[in-house]
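Produce the entire structure from the sequences given, and follow the hints as far as they go.
The chain contents come next:
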Amino acid sequence: MAEAENTFRIPIGPIHPALKEPVRLSFQVEGERIVGVDIRTGFAHRGIEYMGMRRNLIQVLYLAERICGICSVAHPIALTQAVEQAAGIEVPPRSQYIRVIISELERIHSHLLWAGVAAHELGFDTLLHLTWKVREKVLDILEELTGNRIDYAIPIYGGVRRDIAPDQYPKVQGTIRYYRGLLDELLDTFLRDPSVEARTRGVGVLEPEEADALCAVGPTARASGLAKDVRQDRPYLAYGELGVKAITPRDWGLVPRGDVYDKIVVRLLEVGQSLGLIERALLEMPDGEITSFPKIPALLAHLKKAQGEGLGWHEAPRGEVIHYVRLEAGVEEPVVWKVKAPTYSNLMSWKPMFEGQEIADIPIIAASIDPCICCMDRVHIVRGEDETGMAMEELLRLSRAKTQRILTGNG
Amino acid sequence: MSGWHLVWQAAAVMVGSGVVGLVYKGLDRKLAARMQARVGPPLRQPFLDLGKLLMKETVVPRDAVGWLFRAMPFLAAVASFTTLLYLPLGPFPPILRGYGDAVLVLYLLAVPALAMALGGFASGSPLATVGGQREIVMLMSYEFPLAVALVGVVWRLRALEVGPAFSLATISANPLWTAVGPLGVFGLAILLGCLLVVTPAELSKIPFDIPEAETEIAGGLMVEYSGTYLALFYLADAVKTVAMAALVVALFIPYGIAAPLGVKGVGGQVLDVAFFLVKAFVVMFAAATTVRVAMARFKVDQVVRGFWLQITAGAVVGLVLLVLDKAVMG
Numbered sequence: 205m206a207e208a209e210n211t212f213r214i215p216i217g218p219i220h221p222a223l224k225e226p227v228r229l230s231f232q233v234e235g236e237r238i239v240g241v242d243i244r245t246g247f248a249h250r251g252i253e254y255m256g257m258r259r260n261l262i263q264v265l266y267l268a269e270r271i272c273g274i275c276s277v278a279h280p281i282a283l284t285q286a287v288e289q290a291a292g293i294e295v296p297p298r299s300q301y302i303r304v305i306i307s308e309l310e311r312i313h314s315h316l317l318w319a320g321v322a323a324h325e326l327g328f329d330t331l332l333h334l335t336w337k338v339r340e341k342v343l344d345i346l347e348e349l350t351g352n353r354i355d356y357a358i359p360i361y362g363g364v365r366r367d368i369a370p371d372q373y374p375k376v377q378g379t380i381r382y383y384r385g386l387l388d389e390l391l392d393t394f395l396r397d398p399s400v401e402a403r404t405r406g407v408g409v410l411e412p413e414e415a416d417a418l419c420a421v422g423p424t425a426r427a428s429g430l431a432k433d434v435r436q437d438r439p440y441l442a443y444g445e446l447g448v449k450a451i452t453p454r455d456w457g458l459v460p461r462g463d464v465y466d467k468i469v470v471r472l473l474e475v476g477q478s479l480g481l482i483e484r485a486l487l488e489m490p491d492g493e494i495t496s497f498p499k500i501p502a503l504l505a506h507l508k509k510a511q512g513e514g515l516g517w518h519e520a521p522r523g524e525v526i527h528y529v530r531l532e533a534g535v536e537e538p539v540v541w542k543v544k545a546p547t548y549s550n551l552m553s554w555k556p557m558f559e560g561q562e563i564a565d566i567p568i569i570a571a572s573i574d575p576c577i578c579c580m581d582r583v584h585i586v587r588g589e590d591e592t593g594m595a596m597e598e599l600l601r602l603s604r605a606k607t608q609r610i611l612t613g614n615g
Numbered sequence: 098m099s100g101w102h103l104v105w106q107a108a109a110v111m112v113g114s115g116v117v118g119l120v121y122k123g124l125d126r127k128l129a130a131r132m133q134a135r136v137g138p139p140l141r142q143p144f145l146d147l148g149k150l151l152m153k154e155t156v157v158p159r160d161a162v163g164w165l166f167r168a169m170p171f172l173a174a175v176a177s178f179t180t181l182l183y184l185p186l187g188p189f190p191p192i193l194r195g196y197g198d199a200v201l202v203l204y205l206l207a208v209p210a211l212a213m214a215l216g217g218f219a220s221g222s223p224l225a226t227v228g229g230q231r232e233i234v235m236l237m238s239y240e241f242p243l244a245v246a247l248v249g250v251v252w253r254l255r256a257l258e259v260g261p262a263f264s265l266a267t268i269s270a271n272p273l274w275t276a277v278g279p280l281g282v283f284g285l286a287i288l289l290g291c292l293l294v295v296t297p298a299e300l301s302k303i304p305f306d307i308p309e310a311e312t313e314i315a316g317g318l319m320v321e322y323s324g325t326y327l328a329l330f331y332l333a334d335a336v337k338t339v340a341m342a343a344l345v346v347a348l349f350i351p352y353g354i355a356a357p358l359g360v361k362g363v364g365g366q367v368l369d370v371a372f373f374l375v376k377a378f379v380v381m382f383a384a385a386t387t388v389r390v391a392m393a394r395f396k397v398d399q400v401v402r403g404f405w406l407q408i409t410a411g412a413v414v415g416l417v418l419l420v421l422d423k424a425v426m427g
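If you read the sequences in order, they're chains R and V. In case it helps, the numbering used here puts the first sequence at residues 205 to 615. In case it helps, the numbering used here puts the second sequence at residues 98 to 427.
Hints are not guaranteed to be accurate.
Cross-link-like lysine-lysine pairs, in silico, DSS-like; alpha carbons within 30 Å at most [said to hold, decoys possible]:
(1) R:K224 with R:K542
(2) R:K508 with R:K555
(3) R:K337 with V:K153
(4) V:K127 with V:K149
(5) R:K224 with R:K341
(6) R:K341 with V:K127
(7) R:K224 with V:K361
(8) R:K341 with R:K375
(9) V:K153 with V:K127
(10) R:K509 with R:K499
(11) V:K149 with R:K224
(12) R:K555 with R:K509
(13) V:K423 with R:K224
Quick partial rundown of chain V residues pointing at chain R, CB under 10 Å, derived from the structure [what the hints assert, rightly or not]:
(14) T179
(15) Q230
(16) I233
(17) R389
(18) D398
Hints are computed from structural coordinates only; laboratory data are not their basis. Cβ atoms here follow ideal geometry from the backbone N, Cα and C, with glycine treated the same way.
Structure representation (structure tokens):
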């Protein structure tokens, strides 16, 4: 970026209170106005795909769950679909409904979490505490249904690991009622508060054309008015029967402007949409098996024989997740496992959103795409002043050399 | 009055205001936490914070302008303490009443903010530089309504001819509410409202904490300060809270309860001091704590627009009402 006159550079990150995860944003500012931004990623690469390609598929499933602590069912769902496609595994209808229920509960918890973070970035901590307090209820019901508040370990290739028992239905319905009563209040607190409105209206605008050109996904794209939702465009699981429609600010009677306010609107309305989906899924859920492979060894044996490739997708709270796997007969581990997290698609929309805004808007704009850096991150190497990408062989060689050094005590 | 007497009193005010400021800070944090459905820190937390900061290593960045960076925390703390020496505290008139008046208090209140901004600029950090710019802009925006409010009160007092009008001792000895007509009461209420809006800005509390804005510029002015220097700024902030509350009390609610209750002597003084502390706390609670719980942080341009247009307009209306009141009352 060329240094213009009267500007100076503000480094935000890799570690900064406005960012919950490491990413480096370097801003060129003129007074309080941002004239340019440089985005650098690569500080949180964890090599999960590499690790997955050295483990059997059951282990990969648990690894996939740990790609993101918040979308902890989105990644396994995308992965199971990819593997089921590659290995030709049937999925019983009841388990598809259970997957839908868990992923919609996850959407509620993720959006409430985001709303709290957004309030904090605006300097409105009271709203953060209130939002996170009401979020507890959905975590409680997830614990009731799956045994865990996060990392639910619910999907498995060919079904789900736990059924939802009829005596649990009233508890889920109770939670839905709790949020129904609360949703209007939440919408009111977020969308009619003058100080929130003053800080988010016209801030971080992403024009529909830009959202389209930069391939934005999820609420980021929907807030700009693009009716883009994997659940609607390529129905999977039970979403085809439930009939999901993408939510845009038009559903709240607004002309989409693509600013941060619209993103709050979309996310909060999606909480309401998820409530409806869970309610209907509970009612329409058919009886029957929950998995086509009740025994894990049988499943592993089937997967080992499988050959082919598969693509799985899911509308995670942040947008579209895609997993690609290629299996080869006789090999336990996936030969290729490729994950594309929603933040990867949304990251570039930061640039038009930041430019022309003020320094004070940086945290809320950065948060507005709900970034999940560690889901997205790719490797980034800095050696002195020189920054270059590296091939896998070179990285492997370096890593082995280091292990050798440590082992021989020359570390 | 003898010199030693003055020193003794000043020392008492310094220690007392430090303790009271930190207790207020603790109460503020506890009450704000309760309002946010949290438990909050123990009441003595600010004392623990201060103690911890004093024990910590003090780092001066390599790029800093050393002497300026080191001097500013002391300047901020000293200016905050000095402000209190010019303010009436409960039953006691200002300790340095012969040496300065309300205008000096205005200047002294600006000094800690300026010291922080200078310290931030001197630290050489780009984040602190942004914070410093914001602090200066804020200072320019809220000083005007503050001055208008003060001048309004003083001008009306002068017309009553009860003594040197700019002296805070005179101001607090002659509550204006009962001395003016209905128009004047209305005008005074508007000025009090403006002053209560200026208070959180003066103290850099949400929604006006933009020079420090943790999520935006990582603590801004304070980003490079640590250890003893940070402790001094912390203390200066606590004392400034007391000073600002004392100013509002002196200008608008200077009443005591000992005289109406008929308590005399030392008992009466203790009662009045306690009542003063309660009044100052109520001002702090109403102007800073509740507001900071209920609002999001503003942007600097929004603050400037708000203070220069709405709040200044309000203060001027209050002033005009006081002038009209004088014309009516004669």
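Check the hint pairing K341 (chain R) with K375 (chain R) against an upper bound of 30 Å on the C-alpha distance.
This hinted pair holds, its Cα atoms lying about 11 Å apart.
Taking 30 Å as the top limit, are the C-alpha atoms of K337 (chain R) and K153 (chain V) close enough?
violated, 35 Å
Does D398 (chain V) pass the interface hint, meaning its C-beta sits closer than 10 Å to a C-beta of chain R?
holds, 7 Å
Compare the distance between the alpha carbons of K555 (chain R) and K509 (chain R) with 30 Å, and conclude whether the hinted pair is satisfied.
Roughly 46 Å separates the two Cα atoms, so the pair is violated.
Verify the interface restraint on T179 (chain V): the C-beta must sit less than 10 Å from at least one C-beta of chain R.
Result: violated, 31 Å to nearest chain R Cβ.
Hint consistency between K509 (chain R) and K499 (chain R) [alpha-carbon to alpha-carbon, up to 30 Å]:
Answer holds: K509 (chain R) to K499 (chain R) is near 16 Å, not above 30 Å.
Have a go at the Q230 (chain V) hint: is there a Cβ in chain R nearer than 10 Å to its own Cβ?
holds, 8 Å
May I ask you to test the interface hint for R389 (chain V) with respect to chain R, counting a Cβ-Cβ separation under 10 Å as satisfied?
OK, holds: R389 (chain V) within 10 Å of chain R, min 9 Å.
Quick one, are K149 (chain V) and K224 (chain R) close enough, alpha carbons at most 30 Å?
holds, 26 Å
Take the C-alpha atoms of K224 (chain R) and K341 (chain R), compute the straight-line distance between them, and say whether it is at most 30 Å.
Answer holds: K224 (chain R) to K341 (chain R) is near 23 Å, not above 30 Å.
Just to be careful, I want the Cα atoms of K127 (chain V) and K149 (chain V) compared with a cutoff of 30 Å; is the pair within it?
holds, 19 Å
Does K555 (chain R) lie within 30 Å of K508 (chain R) when you go C-alpha to C-alpha?
violated, 44 Å
The structure fails hints 2, 3, 7, 12, 13, 14, 16 (numbered hints given earlier, in ascending order).
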